[in-house]
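Trainee: Now for the letters of each chain:
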Amino acid sequence: MTVAARPLSPLEPGAAPLQAKAKAADAPPVLKFEKVGFAYDGRTIMRDVSFAVGPGELVALLGPSGCGKTTILNMVAGFLRPTDGVAVVDGREIVGPGPDRGVVFQAAALFDWMTVAENIAFSLRCAGARKSERRAVAEEMAALVGLTGFEDAYPYQLSGGMRQRVGLARVLAAKPKVMLMDEPFSALDVQTRESLQEEVLRIRDRTGCTILFVTHAIDEAAFLGDRIFLLNDLKSGAYDTFDVDLPTPRALPENRLHPSFLRLRETIYRRMRH
Amino acid sequence: MSRTDERRERLRYVLVATLSPLAILALWAFAAARGWASPIILPPPSAIWASFLDMATNGYSGISLWTHVGASLARVSVAYVAGAALGVGLGLLRGRSRLIDALLLAPSELLRPIPPLGLIPLFILWFGVGETSKVLLIFLSVLLIMMVNAQAGVRACSLDSLRAAQSMGANRWQVFRFVVLPSALPQIMTGLRVAMGTALTILVASELLGGDRGLGFLILDASSFFRTTYVFAGVAVIGLIGLATDRGLAWAGRRIVHWEGRR
Ligand SMILES: Nc1ncnc2c1ncn2[C@@H]1O[C@H](COP(=O)(O)OP(=O)(O)O)[C@@H](O)[C@H]1O
Ligand SMILES: [Mg+2]
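Protein chains in written order, with the UniProt record's numbering: chain A, 1 to 274; chain B, 1 to 263.
Simulated from the structure, these hints should not be mistaken for laboratory data. Do not rely on the hints blindly, as some may be mistaken.
Going by beta-carbon spacing under 10 Å, a handful of chain B positions derived as facing chain A [claimed, not checked]:
| hint | residue |
| --- | --- |
| 1 | Leu15 |
| 2 | Arg155 |
| 3 | Ser158 |
| 4 | Leu159 |
| 5 | Ser167 |
| 6 | Ala170 |
| 7 | Phe178 |
| 8 | Pro182 |
| 9 | Thr198 |
| 10 | Thr201 |
| 11 | Trp259 |
| 12 | Glu260 |
| 13 | Arg262 |
Per label pair, the in silico range of CB-to-CB distance [to be verified]:
| hint | chain 1 | residue 1 | chain 2 | residue 2 | range |
| --- | --- | --- | --- | --- | --- |
| 14 | B | Arg3 | A | Gly128 | 35 to 45 Å |
| 15 | B | Trp173 | A | Gly160 | 28 to 38 Å |
| 16 | B | Ala85 | A | Ser50 | 46 to 56 Å |
| 17 | B | Ala82 | A | Ser50 | 40 to 50 Å |
Note that beta-carbon positions come from the ideal geometry of N, C-alpha and C, so glycine has one too.
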C-alpha cells in the first residue's frame, strides 16, 4: 500500500494533487464514528451515529442550526467525549485534544496578544521548536494562505477574512491528519468567503489533509465536499450521503456554475425541504 | 478616523484635562480672595504654595520634606509590590484550581469587607506601632484587591482560545502561560490601578499609628495644630503622587495589553 497515511508536508510544493476518492476506497479510514451517541446533561442530541472518512477526503457536514454539527466536531477534536459508542482517529480512540486534529473556529479564536507569526507558530512553540525554525515555518505558512507581509501584525489589525487565514495557517503549521472547520466563513462577505473556499480546496490538494467541514450553506457544502452528510435526524442516527462529482482541480470557480453542481444543489434543497 | 483627526482629538483631551484643575484652582483663589470662607478652613492657593515652599526648603518638624515623602513611598512600594505579587499569584491559582479556590474562599471573603482601619487596633496588638504594622496594613489591602482581579481575569479567558491551544498541543503549563495569563492581564492592570489608589489611602491612615515621619504623619500633625495650609500642601503632595502613579500605570497598561478594546 503506497497511500500516505500522514499528510504530505505543505512545505513540499511538489506534492501531487491527491485523488481523494480513489484513496478513500482502498485505504483504511482516518476518522470513524461507531454508533456514537451524545447527551448534554441527559438531553440526547444524537444516537447511533456511524460514518467513516477516508484519507484526504473532504466531508461537508450540512444541517440546520442546532442539529448537532458542532457537537460532532467537538467530539472529533476531543473537547467532548461521546456518551455512547466510540470515535476513532487513525485507528485509536479519541480521548482528548491533540495536534493531529486541528480546529478552525467560527470566530477564529486567535491569540490577540501574539503577532500573526506567533499565532501561526504556536504549535511549534509548544513542541519546543527553536525561534528561527518557528519564524521560518510561520513565513512559509503565511505565504501558503496569502498573508505574506503581515507576519508582524496583530490579529486586531486584520480583516475578518485575514483572521480566518491566520486560523487556517496555524492549524496547517501543526501538520494535522484531520482538519476540523466549524462554519469558518459564515461571517464573511461573499467574495472573501468564495476565495477562502477555493483556498481550502487548494490546501487540501497540496497537503492531503482530511477535512471535516461544518456548514449550513448548501452551496458551500457542494462546492467543497467530496461527500456531503445531510444531518436530518441525528437523534435516530439517520443522515443522507451525497457524492459530489465535479471536475478537478476542485478549486475552479467555474465549478459553481457546473450543471452537476446545480443539480446537486437542487437535490439537496428538495431533500431538506421535503 | 484619520491620523490628524486622532492627533487633534488627543490634543483636545490633554488640553481639557489640564485646564479643568486650573479652573478649579482659579475658582478657589477667587473664593478665598472674596473672603467667602475663613482662611483657617479654606486658605488661598497662594498660601498653600508658600507653605509648600517653606517645607521644601526648611522641612517639617525638623525633618526634610523629601525624607517624609521618601518614608511614605518606601512603605507603599514595599507593601504594594509584595501584595500585588502574592495577590496576583493567589488569584491566578484560585482561578485555575477549584481546590485552591475552596481553600481560600472563606478566609479572603471574610477579610475583604473589613475596612482596613478597623484592623488597626489588632495590628497594633500583634505587630506594635512600628513599620511592620504600617506595611502589613497596606500589603493586606493590595493583596485582597489583586487576588479578586486576577481571579476574575482568569475567567475572562474564552473557551475557544483554551480549546485552540489544547488542540495545538499545549500542555497545562503552556495553556496557562500563553493563553490564561495574557487573557487575565487586562483585568490585572485595572486591578493594579485600583490597588494603588487604595494603597495611598491606607498609607495615610496607617501613618496615624504613630512615628515621626511620613506624609500621613505630616498631615495629622499639621491638622492638630490648625496649620491648615500645611495640611493642604501635604494632601496635595499625596494627590500628585497618586496622579503620577496612576498615569504611569495607565500608560504601562496601554503598552502591555495593547490588544484591549481593539478586538
Ligand atoms: N454546552 C451545551 N449545553 C447544553 N446543550 C447544548 C450545549 N451546546 C449545544 N447544546 C445543544 O445541543 C444541540 C446541538 O448543538 P450544536 O452541536 O451546537 O448544533 P449546531 O452546531 O448544528 O448548530 C442544540 O440543541 C444545542 O442547544
Ligand atoms: Mg454550530
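Trainee: If a hint holds in the structure, say so; if it doesn't, say that too.
Mentor: Evaluation of the provided hints:
1. Leu15: violated, 29 Å
2. Arg155: violated, 17 Å
3. Ser158: holds, 7 Å
4. Leu159: With a minimum Cβ separation of about 9 Å from chain A (threshold 10 Å), the hint on leucine 159/B holds.
5. Ser167: Holds: closest Cβ of chain A sits about 4 Å from serine 167/B, inside 10 Å.
6. Ala170: holds, 5 Å
7. Phe178: holds, 7 Å
8. Pro182: holds, 4 Å
9. Thr198: violated, 27 Å
10. Thr201: violated, 32 Å
11. Trp259: Constraint on tryptophan 259/B satisfied, holds at 4 Å.
12. Glu260: holds, 9 Å
13. Arg262: holds, 4 Å
14. Arg3/B / Gly128/A: 35 to 45 Å: holds, 42 Å
15. Trp173/B / Gly160/A: 28 to 38 Å: holds, 32 Å
16. Ala85/B / Ser50/A: 46 to 56 Å: At roughly 54 Å between Cβ atoms, serine 50/A and alanine 85/B fall inside 46 to 56 Å, so the hint holds.
17. Ala82/B / Ser50/A: 40 to 50 Å: Because 59 Å falls outside the window, the suggested range is violated.
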